[in-house]
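Numbering follows the working numbering, with no gaps: position 264 of the sequence shown is 264.
Derived from the structure by calculation, the hints contain no laboratory data. Glycine included, every Cβ here is placed at the ideal spot set by N, Cα and C. Mixed in with the good hints there might be a few duds.
Straight-line Cα separation of at most 30 Å, DSS-like style, residue types lysine-lysine; simulated pairs [to be verified]:
hint, residue 1, residue 2
1, K179, K196
2, K253, K196
3, K184, K196
4, K147, K157
5, K157, K179
6, K101, K157
7, K264, K253
8, K92, K157
9, K157, K107
10, K101, K147
11, K92, K147
Label-pair distances were calculated between CB atoms; the ranges are [stated by the list, open to error]:
hint, residue 1, residue 2, range
12, L214, L188, 19 to 27 Å
13, N117, Y83, 16 to 24 Å
14, N117, E189, 57 to 65 Å
15, I112, L188, 40 to 48 Å
16, D195, Y129, 28 to 36 Å
17, V252, D100, 18 to 26 Å
18, L187, N119, 52 to 60 Å
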Amino acid sequence: MNGFSMTLKKQWKTVKENWLIVLVILALILFLGNFSLDSYSSVSSGGQFIAEDYSRGGGAESIYFPGGDDFAPDVETRRITYYASVSVEIDKGDFAEAEDKFENVVKSGNAIVLNRNVNTYEDERRQGYYSLRVPVDNLEPLLDDLKEIGEVTEFSKDASDITGNYIRLEERLRIEQDKLTRLKEFLLEAEDVSDKVQLNEQIANQESTVEYILESLSRQDQRIEYATVSFNLVEEESDFANITFVTFGELVKSFVNSISGLLKLIFVLIPWIVVLGIIWFFVRKFKK
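With the sequences and hints as input, model every part of the structure.
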């Protein structure tokens, strides 16, 4: 027992004499432990991201497009979309003629009418709402022709620069196509049946993702090549629209009501007239 105590005291004395070396060793152990843990976490997170990315479905929900504005200042070729709105007013009764002019404008501008809605109101006025797409090169001539159909009451024209979003779509497409290529390479190298089945499913999902991005780019191209125009055609209200016309029946009804009111007044006043007449009679009699 005494020998064991002497050994502990000797070891403790050795540690005290070499405390700096012990401190360095402890610090090194802690550093290496943290480094290994961080490395493991990074690898695990990365592996999980790749697995999720390849196992998603091919629908719209499966694609994430990075945020940010559409400025993209380094791109020389800008992608711009245009939208315009025109409202004109015409004389009442000229709607059919004005609509024929509209059809000619659409035809001459190689435009496409997407929606058409014509309403008829109680005063027989008509109003038409039209939504159309026109090649960007024909936008200005078409707007000028639409303004000539009637008196312009409202007009607006907007332009949106979508260059940044378009560039991000192209970059996303490149990334997803590279993933699809790698998956197909893995399939050629796979030997296990279960691996082949799983890879085929991932390839199908990845092909859907690529197809969705291609469709998105196609829609963007259509928005760039064709401007959207809203056209509103309105018949002007008549000057007599707010005038109320009285019919013969209403005149007769008003006359009867007036006679009825007069008779009621007479019947109310008759007793008072009789009383006043009697009082006046006795007053004159007493004066005599």
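Q. For which of the previously enumerated hints does the structure constitute a violation, in increasing order of number?
A. 2, 5, 16, 17
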